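Trainee: Residue numbers (my numbering): 37 to 403.
FYI, nobody ran anything at the bench for these hints, they're computed from the structure.
Misleading hints may appear alongside valid ones.
With a straight-line cut-off of 30 Å between C-alpha atoms, the simulated DSBU-like cross-links for lysine-lysine are [unchecked claim]:
| no. | residue 1 | residue 2 |
| --- | --- | --- |
| 1 | K131 | K274 |
| 2 | K46 | K238 |
| 3 | K46 | K131 |
| 4 | K45 | K238 |
| 5 | K153 | K127 |
| 6 | K238 | K396 |
| 7 | K287 | K153 |
| 8 | K38 | K325 |
| 9 | K114 | K153 |
| 10 | K45 | K325 |
Remember, it's a predicted structure, so these values are computed and weren't measured experimentally.
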Amino acid sequence: MKFFIFELKKTVFSRRFSYTLLVLFIFILGLYLRNVAFQDLVVEEQERQVTLYTQEAQSHLRVLTKAPETEAITEQIKYLANALNMLYEWKPLIKSEDWQARLQAENAFISAIIPYKEVGGEFSLLTTDLNRTLVWNEHLLSQGIEPKSENYSITLPNFMKQITDLYVNFGAIILLLLIIGDMLTMEFENGSIRLLYTQPLKKSSIIHVKWASAAVFYIIITACLYVFTWLLGYIGGKSGTFLYPVMVETKENISFITIAQYVQWSLLSTTSIILFVISLCLLLSLIFKNSIITLLSTVLILIGGYFGMQALPLIKNSWFDPFQSVLAGISIQQVGSEWYYGIPIIILLAIILYWLSIVKINRTSGS
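Input sequences plus hints: build the corresponding full structure.
Mentor: Next up, the structure:
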């Protein structure tokens, strides 16, 4: 227990840990202030997009009216003229507080432009994107939830989702490795491992304490991140709702989960990969006894494992894919309620690596 407390104090009171938390807080605050500054620009960008769509529709309509009259051309003119009228109705609503009318106007435009494209008409918007937007808008309308900017929201749940995206998609792993990546290797590099071996404790206790300390640091970092994010969003932002939808898109269909579910599931997925990373890092530390090589090897294994599994259609996002939680947020938005499929095998691998670390240190000399 004394060794565990000593290990915690050594890292918690280190400059690296303090600077990491400080940089984390500054980044969250900077991201929030950026979102505040971009509120007006979000509306301006929507207006600009509608203007561009209008200009494109007008241009295509002029070309079609000059083309030789055929049945196909007549149909295209009819649908495009209808879509153009919908654009004229949509634009004045961009700044309106009546968000239902705004979404309905956008849906009316989409419902007009899709058949135009189906009869051979040209337009820059992809049909898949149009269908996705249509489903998204209809879901928001049915739930009575006002749409928020995905990248620039100051509403608490949406801002927390934005922070979660950054954290669970490799961010947590990077932060943890910055703090504990050399937790064991530095004992070899500065020779303090010899002192540990002379203490009245088993060699395996070193692995137990290092692993437990790393897990505690992960909990501390995660707690600090979400407490600060919540305080920032609660004090300076808008309330919003954690029932706000997150789209889950598979090859078969489009479904929705809530931000509350997304945050919970992604944190559980990330925690499972973190346990694996801690065990992997300890084992590699015992093998290489060098901080840089250990960190590079850990990152390469994670990246190679993730993209290697993605290249195997029958394996990725399945019970046999242990690396899908490396990018937990992206994975959840692809599989939805099947987010937990890779957790049992990654936990099993973490246990195996942990056991191998104990075996390795029991056979390792202090040199």
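Trainee: A separate judgement is required for each hint: does it hold in the structure or not?
Mentor: Status of the hints after comparison with the structure:
{"no.": "1", "hint": "K131 x K274", "in the structure": "holds (18 Å)"}
{"no.": "2", "hint": "K46 x K238", "in the structure": "holds (20 Å)"}
{"no.": "3", "hint": "K46 x K131", "in the structure": "violated (54 Å)"}
{"no.": "4", "hint": "K45 x K238", "in the structure": "holds (21 Å)"}
{"no.": "5", "hint": "K153 x K127", "in the structure": "holds (21 Å)"}
{"no.": "6", "hint": "K238 x K396", "in the structure": "holds (13 Å)"}
{"no.": "7", "hint": "K287 x K153", "in the structure": "holds (22 Å)"}
{"no.": "8", "hint": "K38 x K325", "in the structure": "holds (25 Å)"}
{"no.": "9", "hint": "K114 x K153", "in the structure": "holds (12 Å)"}
{"no.": "10", "hint": "K45 x K325", "in the structure": "holds (23 Å)"}
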